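Protein chains: 2
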Amino acid sequence: MDSLTKRAIDLDLSDPLASYRDRFIIEDDLVYLDGNSLGRVPIDAMERIRDVVEDQWAHELVLGWDHWLHSGTRIGDLLAPLIGASKGEVAICDQTSINLFKLASASLEASGRTNIVTDVGNFPSDRYVLESIATAAGGRLILAAEDPTARELAALLDDDVGLVSLSHVAYRSGAMADGAEITKLVHGHGALMLWDLAHSVGSVHVHLGEWEADLAVGCTYKYLNAGPGAPGFLYVRRDLHEKLEQPITGWFGHADQFGFTEKWEAARDVRRFLVGTPPIVSMAGVEVGIALTTEAGIDALRTKSTMLTALFIEAAKSLSSHGIEIVTPLGPSQRGSHVTIRHDSAFQIATALRKRGVIPDFRAPDLIRFGFAPLYTTFAETIRAAEILREILELRTYDALPATRKGVT
Amino acid sequence: MDSLTKRAIDLDLSDPLASYRDRFIIEDDLVYLDGNSLGRVPIDAMERIRDVVEDQWAHELVLGWDHWLHSGTRIGDLLAPLIGASKGEVAICDQTSINLFKLASASLEASGRTNIVTDVGNFPSDRYVLESIATAAGGRLILAAEDPTARELAALLDDDVGLVSLSHVAYRSGAMADGAEITKLVHGHGALMLWDLAHSVGSVHVHLGEWEADLAVGCTYKYLNAGPGAPGFLYVRRDLHEKLEQPITGWFGHADQFGFTEKWEAARDVRRFLVGTPPIVSMAGVEVGIALTTEAGIDALRTKSTMLTALFIEAAKSLSSHGIEIVTPLGPSQRGSHVTIRHDSAFQIATALRKRGVIPDFRAPDLIRFGFAPLYTTFAETIRAAEILREILELRTYDALPATRKGVT
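Protein sequences appear in the order of chains A and B. Quick note on numbering: my numbering labels position 337 of the first sequence as 337, and the sequence is numbered without any gaps. Quick note on numbering: my numbering labels position 329 of the second sequence as 329, and the sequence is numbered without any gaps.
Hints were generated in silico from the structure; no laboratory data involved. Check the hints yourself; a few may be wrong.
Computed footprint of chain A on chain B, listed as stretches where at least three residues anywhere in the stretch have a Cβ under 8 Å from a Cβ of chain A [claimed, not checked]: (1) 24-31; (2) 39-52; (3) 57-71; (4) 80-87; (5) 219-229; (6) 280-289.
No experiment lies behind these values; they were computed from the predicted model shown. Virtual Cβ for every residue (Gly too), placed ideally from N, Cα, C.
With these hints in hand, go ahead and build the complete structure from the sequences.
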């Protein structure tokens, strides 16, 4: 047994979060390192979803709306502490791209400016939505280099830029931006700052309040383990609520939802960013995912996540002679909970890993992401993945595999 | 036993759909007449949702996306025959108000005009969304009288009207519009026609193709029994796909979703109206609800629905001396599957009905809706509801109840 494997075993033995693995349905021996795309199933989620269908929906019928109605803001309040927000600033609703559309449209309009800045490496759906909004406003989307520093962003900010939108943890590289520094910079140029927290929530510290961030969106099916396509969330700083008018004026955003007045009147709180009826069965997974993450504690999760990624990076460093380049920043404070490597044969290597029971995520054209979900990923799995990667590279077993592209975020 | 009760028993005995009641979880003796708000739980839905969570999500993990990815259009194709659409014209996605926003925005822009017509009785969320879109286009929302005839609509149509949007079955009165006649009228004025099918799908005949309807939206949690807040659907006639550009340009609408190109490029088919990741657990309920409705057959469902509403209307007619007015059209071809009555003490009467185990739906200020879901509502229940209503009216047991407002669609 080599020294890293021994260390991994010791780390698992002393892991204060070790018992959380038993809170998930794990009936396979996969080394599942794609929890940053779709998290595993919490046992509580299975039970809660059964309860919602077989007890609430079946027996309460339409009267269930008495407690389902405000799920979006009620569960939003449960999420708020995990992202440094206050009660009343967060809602669970819709999908991330729709939430981005609502908040980016509203904030660009409120800014009185026409341009939006993001980075070329931001998630494509974010870039597409932002570009349409800027174009519709008569402006344009300005693309910074991938994972921009504050200095690089500063060079792009002028009086036409009303909104800057970045992923806090980049989906490709895993680089984590400096939320406080960038938010301050953007405010200094009179623009609003919108963070996409899809790869952050549940795995790293997010301090929207401390950063004085204006807006945020994110999804719940990655580190929050809420289930495939579960609703996303949005955050709007409280003092902005009444300044922002989002374009999709549905009844869930009305000040008096059941007043059925002739005219639309926006709710004065975060509900104004809601639109329609929440998908209650899927919302059950969101609530459980947040509860489990809260119970484990974001401090402990971040500590373990950093140790998992550090261990993998240490093992991966020794593979540079096989053409492996580590894309993710090596400084622990500069990365999220996934590690990305680059290799010319990335697709074949990812396929070979899957054949060996290691599930990473391929990102065209040449990246492989390894996501470490601190609620259930073990240190032993982490080293096993690195060892299998080493074997594949040494034996070049991937050479014979087809080199086509595929990927789901 | 009076003659109507005898007739109801006979009708249940000869009901070809009677066995479908056993396909639902029904462990209560409620006379549930709010299936037009939230349908009951199909046993298949319970099982399918268990399967999606406990087998697919738990064991396939991220690889589940291989078959989940195109759920929206795959299940849309299953829905298409129920609304007279063709394969490739329907998608399941998002909530009704969001789908309305996407289609109404795109179609008003394509029309080159600025005004939208709807009716004052249309569902408030529809009116709010449509008004925002017209206003943003520099135009206005024009309100016809409730449940307008083609002649009444004709008086409002001019060269500034680019879109007419109506509910096919009105949520308040239960009146059913003439889809063919109104669509033709609207086309004659050079505008596009968008039907909201929320109260139609699964209970009445809808022939979008025959009507040459341009657009439609609807929800799945009423007569389709897909579960609380399950995703809605949209329909766009095939020849319009490439003419309409919807504003929320998310990755699920991209021509090459995983190409991750720099620029947005709309899919050339109905996928261009999709935005983000579908909520897979809630989608399972949609698929089951459509399958059950398809199995029973819309012809048989519509026949039974008409008989149920006719029976209730016959019983309710005799209550006019107690201040009951039947709001729903008496002609079978002019109504959907719910019957609405008006009474000055509607809220108290609805409360009294609930206390007696009859679940109708109150609509402020003075309407009570009784929804008849032909998959599980019996003729005996229908008469029982009418008899309990008669007792409440005769004994005036409702007088002592509080007269506050409340309601969920």
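Tell me the numbers of any earlier hints that the structure contravenes, in ascending order.
Structure breaks hint 4 only.
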